[in-house]
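Model the full structure from these sequences, guided by the hints.
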Amino acid sequence: MYLLALKMLFNDKAKFFGIVMGVTLASLVITQQGSIFVGLMARTFGVITDMNYPDIWVMDPKVQFIDDTKPLTDTKLFEVRGVPGVASAVPLYKGMIRARMDNGLFQNCNLYGLDDSTLIGGPGEMVEGNLADLRMADSVIVDLEGATDKLARKGKNPGDPKIPLKIGDTLELNDHRAVVVGIARGSRTFQSQPNVFTTYSRAVTFAPKERKLLSFVLVKAEPGEDLETLRSRITERTGLAAYTANQFKLLTVNYFLKYTGIPINFGIAVSLGFIIGTLITGFMFYSFTIDNLKYLGTLKAMGTGDSTLMGMILLQALSVGCIGFGIGAGAATVFGMSMGGTQLAFWITWQILVVSGGAVLIICMLAATLSVRKVVALEPAVVFKG
Amino acid sequence: MTAIASQPNMQADPAGRGLAVRCRAITKNYGAGQSVVRALRGIDLDVYLGELLMLVGPSGCGKTTLISVIAGVLDRDGGECTVFGKDFSAMNSRERTRFRGQTIGFVFQSFNLIPTLTIAENVSVPLLLNGVHRRAALAKAKEMLDTVGLGARVNDTPNRLSGGQQQRVAIARALVHDPKLIVCDEPTSALDHETGHKIVELLKGVAMGGNRSLVVVTHDNRIFDFADRIAHMDDGQVDKIVGSAKELYGPNMNASHAGEKA
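Top line first, the protein sequences correspond to chains C and P.
Note that the first sequence covers residues 1 to 386 in the working numbering.
Note that the second sequence covers residues 1001 to 1262 in the working numbering.
These are computed hints drawn from the structure, not numbers from a lab.
Please note: incorrect hints may appear among the correct ones.
[Stated by the list, open to error] Calculated lysine to aspartate or glutamate pairs in the DMTMM-like style (CA-CA distance at most 25 angstroms, straight line):
1) 1198(P) x 1225(P)
2) 7(C) x 1156(P)
3) 1204(P) x 1228(P)
4) 294(C) x 1225(P)
5) 15(C) x 1225(P)
6) 294(C) x 1178(P)
7) 212(C) x 175(C)
8) 294(C) x 1156(P)
9) 7(C) x 1143(P)
10) 13(C) x 1156(P)
11) 294(C) x 1192(P)
[Stated by the list, open to error] From the derived model, a few chain P residues whose C-beta atoms are all more than 12 angstroms from chain C:
12) 1033
13) 1087
14) 1154
15) 1202
16) 1208
Glycine included, C-beta positions come from ideal geometry on N, C-alpha and C.
So, in structure tokens, the structure goes:
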């Protein structure tokens, strides 16, 4: 009987495609919007992800997210180094700096100053050049996105493509000459500004003059050291905040969730996808059931039990759910792949697929519940009424 | 399938035939209060094994209600009704559904074939409901379609068949699981005269035998000749049970009672 139930569904092509379309729409919108939301949130902590060296990030207790730097005095670095359980601690400068373009315009950049001796905190993947070249005079490394887009030079004629920065090119950073010695690949930032890496000592000369310039202290723990214990110890001894990378990511994401309208905007889009998908699917599936009520009544009269009829309806609902979810999630994935390399933030995770699948399951169950109620209440005697 | 011979409470008619259906003082009302409609007002009726009983009468007289009660798809309000000695009101919903599926075959006025399934699949449904494996059910369904002359159309969907052919499929579906009682609701009303005549001929030829009983609700006095007995209903009661149409309407029945059609 269950196979016949599927045939009843699949052979009613108009209704079948209508129901699948509703589920697909919901699945597509929820997966796509969810992935863009996650992609955007991931950009807020992209720098933390890229710097995989430190076990613990130490900063001013008032810092709310990665870009919210509150400079420390340089002596704090030594205080942290003196905490038992700290194997090494290096400084990191993070700040905004203006690059002057050859057309006279300015471009804001994220400037990272790495520990002069170890260069810890540098970009993970070099596309051109070597990280060690930062030891050369006036040297900087620029990320690929910045080098090919926002910091790229204009073509000779109007309409010509931009000319990417290459090794040996020079930049003017806050009235200082900087020479590009490498191009690196890194995560895009939330504000999509170019990332520029140099040494700590050079960064503080590039940066606008401030009394305090140390943004973060990057800590590597002694082998076997419990990170939670070390975190507490650093805070206790220095009065600074200390987070593991994951905790710092969470702090950053929570800030964006709490203080920006991003989750509300995406929540509305996802909710609309869910509601519209539910309405279309529910209406079409209910309509499919109503169209077949005479036949379901006939089956009931002929000896089909309510549980079998309910099973048939649930199977039909789950089948369109699986097909619609597959198409919707697949389309969202193709969309994400086709937008790779653009400004669009898109990160599809298994959690998004689980949420999207769960939403589709709820939609199908709601649609099936309406139909099941109708069928269970159906008097088989109705089949004798012509 | 139900073993009829072993059923208790089986009674025989004067001719020695066993009893398939026994109805006593059956009442059924629709609505309540001022607007109550008394559809059945104390029906007494027996259907014997191996007979074709036609239920006739004007529209609204309660024929369809009575056949629904007999088939166990509608609860009666009062009286007794047993089918092969079993009382539907003494069964729970699951037992009643199973008993219907095993014991009763249905032929409907508008065929009620599922349009998205092939006719072989339609015919196989009662077998599937009785636990027959799909492949065996389809094979048996094809045999039955052969019997009703549609063996070459097994993979067609109902909408590719004429009305008469669809009713043949419905008959095959009603008989495929070898039920002991067939209930037919206006089996010829959607068909022209000639096709209707052939359908009842087929129904009687294929369905009768093996002590199977048929209860046919009809307005169509042109098929009355196929009946073993005719029960005439009026205003919720069986007012006459006769052996032939002539006994019921006299020699000019065709002319004088065409008006009873809906």
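Structure-based check of each hint:
| no. | hint | result |
| --- | --- | --- |
| 1 | 1198(P) x 1225(P) | holds, 13 angstroms |
| 2 | 7(C) x 1156(P) | holds, 14 angstroms |
| 3 | 1204(P) x 1228(P) | holds, 11 angstroms |
| 4 | 294(C) x 1225(P) | violated, 31 angstroms |
| 5 | 15(C) x 1225(P) | violated, 45 angstroms |
| 6 | 294(C) x 1178(P) | holds, 24 angstroms |
| 7 | 212(C) x 175(C) | holds, 20 angstroms |
| 8 | 294(C) x 1156(P) | holds, 21 angstroms |
| 9 | 7(C) x 1143(P) | holds, 22 angstroms |
| 10 | 13(C) x 1156(P) | holds, 17 angstroms |
| 11 | 294(C) x 1192(P) | holds, 24 angstroms |
| 12 | 1033 | holds, 21 angstroms |
| 13 | 1087 | holds, 18 angstroms |
| 14 | 1154 | holds, 15 angstroms |
| 15 | 1202 | holds, 20 angstroms |
| 16 | 1208 | holds, 21 angstroms |
In terms of the numbered hints stated before, the structure departs from hints 4 and 5, listed from lowest to highest.
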